[in-house]
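Sequences and hints are given; from them, build the entire structure.
Chains as they are written, first to last, in our numbering: chain A, 185 to 426; chain B, 1245 to 1896.
Mixed in with the good hints, there may be bad ones.
[Said to hold, decoys possible] Covered by chain B, per the in silico footprint, the following chain A stretches (three or more residues, Cβ under 8 Å):
#: 1; stretch: 197-210
#: 2; stretch: 332-344
#: 3; stretch: 392-405
#: 4; stretch: 409-419
By construction, these hints were calculated from the structure, which means they are not laboratory data. The C-beta atom is built at its ideal place from N, Cα and C for all residues, glycine as well.
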Amino acid sequence: MRNQIEFIVYGKYGLFTDPITKIGGEKFTYQIPTHQALKGIVESIYWKPTIVWFIDEVRVMNAIQTEVKGVRPTKYQDSSNELAYYTYLRNPAYQVRAHFEFNEFREDLAYDRNEHKHHNIAKRSVKRGGRRDIFLGSRDCQGYVEECEFGSGTSFYDGYGEISFGPMFHGFNYPDESGRNELEARIWNPVMKDGVILFDRPEECPIVRPIKKQSSKAFALGENFKSVEEEYYEVFPEEVNK
Amino acid sequence: MSWMKHLYDVYENNDEKVGDFEQRGEGQRFTLLPVSHVTQSAQIEVVLDREGNFFKATVVPKEKARTIVPATLDSANRAGSTVAAHFLHDKLFYVAADYMKYGGEEKRSQNYLSYIGQMRDWAASEFTHSKVTHIYNYVKKGTLIEDLVEEKILFIDEDNKLIEKWTSQDDKKYGIEKPDIYKVVTGQSSEALVRFNILSETPDDPPPWEDKTLFQAFQKYLENKMKETAESGYCYISGKFLPLTERHGSRLRNAGDMSKLISSNDKRGFTYRGRFDQPSQAVQIGYDVSQKAHNALRWLIQRQGYRADTRNFVTFGVEKPVDVQVFDGSTDLLASFYGVDSTKIEQDETGLVIAEQVQQALKGKKHNFQLEGIKNILVMAVDAATTGRLAIIYYQELDSKLFLNRLAHWHDTCKWHQVYFDSSRRKITYNVGTPSTYHIVESVYGERADEKVKKELYTRLLPCIVDEAPIPKDVVRSIFNRVKNPMSFNKDLSNPIGEWQRTLHIACALIRKQYEKEEIDMALELKNRERDYLFGRLLGVAEVFEAEELKQKNDARATNAARYFNAFSQHPARVWLTIQKQLHPYKVRPSKFSRRYIKLLQEIEDHIKIEDMNNTALGPLFLIGYSSQVRDLYTKKDRKEEKNDDAHPEQN
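Put into structure tokens, the structure is as follows:
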């Protein structure tokens, strides 16, 4: 596929919180990553507002195993602690295939729609393990990205057959990517075949549920972002004055 | 599939069992609860005649107190001062119109109105039931407390006020002993739960709290109500558009357990906020789905759960709740397969048969699972770190064939000669098999260990059984260190040093599991030249040698081998000299055994390499050598063999 990148992401633990257990605070992981979680990983590898990432497929490399840890999260409202049991995925490793398309809703960035440029930057970023920190679902699960050929190596689920996971959270539709002034959640029915899950495109998800009104953030030069020239003047005044 | 969807499926697959009562052992009766119902403990039972008149009343004994009560979401989750009545049966201050008349508290003045309003609505609706009408007709008369006082269930004082608590002075004051009601009620007498029964026309007419037609009538009534009031939306579990709920079941582990798997009361804790303002924005769950999933889990825990302290473990099939206890030892497993007919699992003298039988039984189980169409087995454990929230602390979903293979693997690789007390036959039995997890835990930490520590070990052993994970090394080290001190054990379980014997065998089973890849033989390995193993054998011979000699003299002393066990394991070469010295008197004074033992000792010593004859501490395999040697000497005591040995000493 055009503009596609392939990589493997792995870590000691993963926690793709099941929304059922999110509201109470006793987090329990989904068995497989959501589209949104993988999209977050890809965006940590490389992202510009010009582009939107789509996850094409994921290959689950290791057996799905969970491990429970007693944790002491700090409370948000005061400095006291709480006790909770979090259930993590143990030794997750996923081969991922993702591609980008241009965000049609950012007309102000139309001049930056240079496919070749973004694709090459993305590929270089994958080689270097991404530009920013990678998490497998939540912040305490550090992950690592390496370049790889999708389908290479052996997976625990090679020749395993089909596993259906039932209805699952797919991801959010944010206003800046959907063009609607609403935050929406998508639900889909993933099926894993010999370890490989083919993701539905966000707009193909069978259930879309409006959550609340929200509008996309407006960017105005000089108000909430700075031009690169201006930044350069500020950081290297002596260079400019030469 | 998510755990909740699976639990929902369990309910759907077993819905013909809804409302049927089962009992497990001597425990309380339980059932798969109908949707929109809760179980409560009743203290007073009021029987009405078929005209809705008071007939009689009794105080309900604790073991018969369990009552299924139709409830709304509000009433099922009520707490503190919230006024939210159940239907039909409820606390006295809800159902008695004359509660205020008998000195009721002002804050409870609205409770009856809430109750009777609901009842009127149900009785008038198209989903009413003859029993509802009778009960409604009676409660609206408002003479409940009056009737109960007359019946001498409740008591009033000189001011015509209900006696809420019975103190020891009251015995004298009223000239009677403490009435039953005050014995069964924990708080005030007006907090007693009243349940209504109706004189039945036919003998097989169930009481209202077990009447399935009544359950259904209520569900239809409530469903109809909810269509008007409850919000509908996409359910994250089923993916269907359904009436939703934000309140989920509690009392999953036991009747007093208020912790919930799904909660969202922490509005200040910001567990879900960030991009959401409301819990419903993060997730939506259908009312029916939530009710069924929670009822199924509760039922499974009561029916086939295993409890360790506050932690509950449960293994079940989604299609049928098939009961396979993962923590069972080999003998328990066989007993559960063959039922009470334990004669079938009679083992031969060597006990080897039992290990084979377990594998056979598991094979049979696999066959049955296939016939019954059980595809998946779920292993789940729940526990609460704090009082409010319950967490799933173990969850594994396995193909049923894979599950049984794993179980078979556990019973095959973690087995050793076991000694246990058979309570049904009141004698000590020996066999070959895997110890139950209960016995493992007790042996690793000892009886007096903290329950919290023990439950952690159950959880850590679960992956060893279900996922074929290696046994944690610290567990083996722990039990090894305990076994090294035979003198610290109780001396019950008949001969060689009692309880220690059992612990030794369990330790051997765990060590065998740890060295799984090396496939340690259950019988004595005569060709094994490992240092630890040979030293173990030496001590084994010394133990049996001296024990036999002592037995001859009717001397009940502990052997030197047992007394020096710990020292020997730390400094084998040095302590071996000491033990040998102690054996000297038996060696010089020939008896019918000595010759054989002396020769055996000589043989083993010859196998130990000179550079191995040092004081480095011995590893766990030492126990295996010891146990195998002792067992070998005790079982192979054929007179014939000894005679042969005596006849041809030069042959060896």
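Status of each hint after checking the structure:
1. 197-210: Since three or more residues must qualify, the claim that chain B covers the stretch 197-210 of chain A holds, with 9 doing so at under 8 Å.
2. 332-344: With 0 residues in contact (Cβ-Cβ under 8 Å with chain B), the coverage given for the stretch 332-344 of chain A is violated.
3. 392-405: Three-residue rule met by the stretch 392-405 of chain A, so holds; n is 3.
4. 409-419: violated (count 0)
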